[in-house]
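Let chain C serve as the given structure and place chain W on it in line with the hints.
2 protein chains.
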Amino acid sequence: MAVYTRLGAEEMSAIVETFDVGTLISAKGIAEGVSNSNWLIETQHGESARRFILTVYESRTDISDLPFFLDLLDHLAARDCPVPRTMHDRDGASHRFIGEGEGRKALALIEFLPGVSVSEPTAGQARAVGAALAQIHLASADFGQARANSLDLPAWQQLLGDCGAEGLESIHPELGRLVERELGVLAREWPADLPAGVIHADLFPDNVLMLGNKVTGLIDFYFACTDLLAYDVAVTHAAWCFSTDGTQFRPDLSLALTEGYEAVRPLTPAERESLPVLARGAAVRFLATRAYDWLNTPEDALVTPKDPMAFARRLQFYADPANSGIFGA
Amino acid sequence: MAVYTRLGAEEMSAIVETFDVGTLISAKGIAEGVSNSNWLIETQHGESARRFILTVYESRTDISDLPFFLDLLDHLAARDCPVPRTMHDRDGASHRFIGEGEGRKALALIEFLPGVSVSEPTAGQARAVGAALAQIHLASADFGQARANSLDLPAWQQLLGDCGAEGLESIHPELGRLVERELGVLAREWPADLPAGVIHADLFPDNVLMLGNKVTGLIDFYFACTDLLAYDVAVTHAAWCFSTDGTQFRPDLSLALTEGYEAVRPLTPAERESLPVLARGAAVRFLATRAYDWLNTPEDALVTPKDPMAFARRLQFYADPANSGIFGA
Numbered sequence: 044m045a046v047y048t049r050l051g052a053e054e055m056s057a058i059v060e061t062f063d064v065g066t067l068i069s070a071k072g073i074a075e076g077v078s079n080s081n082w083l084i085e086t087q088h089g090e091s092a093r094r095f096i097l098t099v100y101e102s103r104t105d106i107s108d109l110p111f112f113l114d115l116l117d118h119l120a121a122r123d124c125p126v127p128r129t130m131h132d133r134d135g136a137s138h139r140f141i142g143e144g145e146g147r148k149a150l151a152l153i154e155f156l157p158g159v160s161v162s163e164p165t166a167g168q169a170r171a172v173g174a175a176l177a178q179i180h181l182a183s184a185d186f187g188q189a190r191a192n193s194l195d196l197p198a199w200q201q202l203l204g205d206c207g208a209e210g211l212e213s214i215h216p217e218l219g220r221l222v223e224r225e226l227g228v229l230a231r232e233w234p235a236d237l238p239a240g241v242i243h244a245d246l247f248p249d250n251v252l253m254l255g256n257k258v259t260g261l262i263d264f265y266f267a268c269t270d271l272l273a274y275d276v277a278v279t280h281a282a283w284c285f286s287t288d289g290t291q292f293r294p295d296l297s298l299a300l301t302e303g304y305e306a307v308r309p310l311t312p313a314e315r316e317s318l319p320v321l322a323r324g325a326a327v328r329f330l331a332t333r334a335y336d337w338l339n340t341p342e343d344a345l346v347t348p349k350d351p352m353a354f355a356r357r358l359q360f361y362a363d364p365a366n367s368g369i370f371g372a
Numbered sequence: 044m045a046v047y048t049r050l051g052a053e054e055m056s057a058i059v060e061t062f063d064v065g066t067l068i069s070a071k072g073i074a075e076g077v078s079n080s081n082w083l084i085e086t087q088h089g090e091s092a093r094r095f096i097l098t099v100y101e102s103r104t105d106i107s108d109l110p111f112f113l114d115l116l117d118h119l120a121a122r123d124c125p126v127p128r129t130m131h132d133r134d135g136a137s138h139r140f141i142g143e144g145e146g147r148k149a150l151a152l153i154e155f156l157p158g159v160s161v162s163e164p165t166a167g168q169a170r171a172v173g174a175a176l177a178q179i180h181l182a183s184a185d186f187g188q189a190r191a192n193s194l195d196l197p198a199w200q201q202l203l204g205d206c207g208a209e210g211l212e213s214i215h216p217e218l219g220r221l222v223e224r225e226l227g228v229l230a231r232e233w234p235a236d237l238p239a240g241v242i243h244a245d246l247f248p249d250n251v252l253m254l255g256n257k258v259t260g261l262i263d264f265y266f267a268c269t270d271l272l273a274y275d276v277a278v279t280h281a282a283w284c285f286s287t288d289g290t291q292f293r294p295d296l297s298l299a300l301t302e303g304y305e306a307v308r309p310l311t312p313a314e315r316e317s318l319p320v321l322a323r324g325a326a327v328r329f330l331a332t333r334a335y336d337w338l339n340t341p342e343d344a345l346v347t348p349k350d351p352m353a354f355a356r357r358l359q360f361y362a363d364p365a366n367s368g369i370f371g372a
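Read top to bottom, the protein sequences are chains C and W.
Numbering-wise (my numbering), the first sequence opens with residue 44 and increments by one.
Numbering-wise (my numbering), the second sequence opens with residue 44 and increments by one.
Next up, chain C with everything else stripped away, as it sits in the complex (with noise of 0.2 Å):
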């Protein structure tokens, strides 16, 4: 949630002509990614006006990955996703690099989209973002690049415990134990054969931008990899069905989410009966991440933790028989 690179404006209108995209009229630094460096970019080519995003790509993001995330924007862009296309240099590269040795960094110019990230989403905004979810599983089908999901189960497995029983107990005195059942649930019932493909993998509302009820963009693919589509529905059900604290589950945005889900791409008998499990998976990743998070952060560390308890609610939810119906399986 920061510019972490500093660039000054006479090296970045020297990027930007690489582009060939026009000249250089505002850049602004932008709160936004949590581990990239980002800038809302101006250019005027001839008459028009252009808007870009610059991402400048910091330590934590693998290079050797960029190639499969910026060619899915473009896959997917092509096909009528809602999803923001990669401008791609003269020498027709998609990223670059800047700086030298130790300092050297990879950054990509992307389209700039209209629409706001919605904190309160309704139904009819719900049902959209299902239906996108739905629209890039279909059109991601034939893209042809794999990258292996570096937080599946093993993963989850690995940062709880490394958190270890006393480290989650810190948190809260029925984390451990809790951890320890769904970790056992999810080894024995994970489901193995459903249908897999490209999954977005971390659509929360601040990765999709709204205009009313029509999704505008699809955005922060840096999670995105190959993995069972239904999973990426439990994903998109534990971010946008709750409060963001994890009390409240909101049965209407549920409803509408797999119903706009549905309408574009209808889940098979067998996915729908896994989408309980997998929502308990869902809500394990985050709770992962978060909780490992939580107990490494340094306290003078500029970004703060986010509290894993919001998904440790949310997996008490979906591990509750008596909520066993809502994906009506």
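Certain hints may be false.
What the hints assert, rightly or not - Covered stretches of chain C, as calculated for chain W (at least 3 residues, CB under 8 Å):
| no. | segment |
| --- | --- |
| 1 | 48-54 |
| 2 | 57-69 |
| 3 | 160-171 |
Said to hold, decoys possible - So the derived list for chain W, only partly shown, Cβ under 7 Å to chain C, looks like this:
| no. | residue |
| --- | --- |
| 4 | G65 |
| 5 | I68 |
| 6 | S69 |
| 7 | H118 |
| 8 | V159 |
| 9 | S162 |
| 10 | A166 |
| 11 | G167 |
| 12 | K349 |
As the list claims (entries may be wrong) - Residues of chain W clear of chain C, computed beta-carbon distances all greater than 12 Å:
| no. | residue |
| --- | --- |
| 13 | G72 |
| 14 | I106 |
| 15 | G135 |
| 16 | K148 |
| 17 | T165 |
| 18 | L194 |
| 19 | I214 |
| 20 | L221 |
| 21 | E223 |
| 22 | W233 |
| 23 | D236 |
| 24 | G260 |
| 25 | E342 |
| 26 | M352 |
| 27 | N366 |
Everything labelled a hint here was simulated from the structure, so no lab data went into it.
Where is the CB? At the ideal position from N, CA and C, for every residue including glycine.
For chain W alone, kept in the frame of chain C given last:
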């Protein structure tokens, strides 16, 4: 350099509505300004897209000063100075409030201007900045509002006194002695009878938007006040005519800046003669706030304090009799 206030899209849309500037279609928190929260927003107004900076004033800005700052922008913009206009809401007010009680904050909607802040100014750019500074000095003559300079000589004495000789020497062994000598010089030699008026008082490159050699926007008037006009020339000189760390004086920029200023508003002989001592004052002013922040910023603060020595070096340069001719007196 951050966004301190959380503002949901729904709340922001409602705020924008009250300004009658169209419908909100985009909002990005921007990393600009030291102590306020800023968003670059876009609205759709009929066929045309419009852009604004939405500023929420955090606790460091005294709300009773806002009419001075915002009315000044309107006054200068109406006289064709390159400053952003403020939008007025349906009741004609230049600022509104959000929140209640302790959490009540003021906000304003300010015109977006194109341009970038240069990092390596050229003589042509320094000349244009000098001219723009003179333009606001002339245009504010009939402004009719006043605001005392809260960072004047007594304030520098206070801040540096609070640092203490020991504190200053912890920054640099010679700093206590330098400060003592210079405060003595300023107390004896500070001019009184020079032309006064409204000054920007903080015209660093960060606060100037440019396209090539053209000034498209002077921004961030939150130190603007009533003081000696030639002191503003001295501040701008200290801000533009050295390498950032203060080790390198740039005579070409110095000449261009003062020439540009005088092409619009010639200095009086008394002003010209006072420039060396005013420049020492300008260097002490930034040395004082930086030294104070250096010694009083908690280790875990979000903001890294700026190096006070960058202005101690400028101060030594200005105080050196060998450099007394740089202002052509």
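Hint-by-hint comparison with the structure:
Counting residues of the segment 48-54 of chain C whose CB falls under 8 Å from any CB of chain W gives 4; the rule of at least 3 is met. Counting residues of the segment 57-69 of chain C whose beta-carbon sits less than 8 Å from any beta-carbon of chain W gives 3, enough to reach three: the coverage restraint holds. For the segment 160-171 of chain C, the assignment as covered by chain W holds, since 4 residues bring a beta-carbon within under 8 Å of that chain's beta-carbons and 3 suffice. For G65 (chain W), the shortest C-beta to C-beta distance to chain C is roughly 12 Å, which exceeds 7 Å, and the interface hint is violated.
The interface hint given for I68 (chain W) is met, as the beta carbon of that residue sits about 4 Å from the closest beta carbon of chain C, less than 7 Å. Because the smallest distance between the Cβ of S69 (chain W) and any Cβ of chain C comes to about 5 Å, under 7 Å, the interface hint for this residue holds. With its C-beta approaching chain C no nearer than about 25 Å, H118 (chain W) sits outside the 7 Å limit, and its interface hint is violated. Hint status for V159 (chain W) relative to chain C: holds, with the closest Cβ pair at about 4 Å, below 7 Å.
This hint holds: S162 (chain W) has a C-beta 3 Å from the nearest C-beta of chain C, less than the 7 Å allowed. For A166 (chain W), the shortest C-beta to C-beta distance to chain C is roughly 15 Å, which exceeds 7 Å, and the interface hint is violated. Checking G167 (chain W) against chain C by beta carbon gives a least distance of about 14 Å; that is not within 7 Å, so the hint is violated. Proximity of K349 (chain W) to chain C is violated relative to the hint, the smallest CB-CB distance being about 13 Å (cut-off 7 Å).
Remark: the non-interface label on G72 (chain W) conflicts with the geometry, its nearest Cβ contact in chain C lying 4 Å away (cut-off 12 Å). Here I106 (chain W) stays apart from chain C, with its beta-carbon at least about 24 Å from theirs, past the 12 Å limit. Against chain C, the non-interface label of G135 (chain W) holds: every CB pair exceeds 12 Å, the least being about 27 Å. Against chain C, the non-interface label of K148 (chain W) holds: every CB pair exceeds 12 Å, the least being about 18 Å.
A Cβ of chain C approaches the Cβ of T165 (chain W) within 12 Å, the least distance being about 10 Å, so the stated non-interface status is violated. For L194 (chain W), the non-interface assignment is confirmed: its Cβ lies about 26 Å from the closest Cβ of chain C, beyond the 12 Å cut-off. Under the 12 Å C-beta cut-off, the non-interface status given to I214 (chain W) relative to chain C holds; the minimum distance is some 21 Å. Every beta carbon of chain C lies more than 12 Å from that of L221 (chain W), the smallest distance being close to 29 Å; the non-interface claim holds.
Every CB of chain C is more than 12 Å from the CB of E223 (chain W) (nearest about 34 Å), matching its label as outside the interface. The non-interface label for W233 (chain W) is consistent with chain C: the shortest C-beta to C-beta separation is roughly 36 Å, beyond 12 Å. Listed as a non-interface residue, D236 (chain W) keeps its Cβ farther than 12 Å from every Cβ of chain C; the least gap is roughly 40 Å. A beta-carbon of chain C comes within 12 Å of the beta-carbon of G260 (chain W); the shortest separation is about 10 Å.
Against the 12 Å criterion, E342 (chain W) falls within the reach of chain C, whose nearest CB is about 6 Å from its own CB. A cut-off of 12 Å between C-beta atoms confirms that M352 (chain W) is not in contact with chain C; the least separation is 19 Å. Every beta carbon of chain C lies more than 12 Å from that of N366 (chain W), the smallest distance being close to 27 Å; the non-interface claim holds.
Violated hints, in rising order: 4, 7, 10, 11, 12, 13, 17, 24, 25; the structure is consistent with all others.
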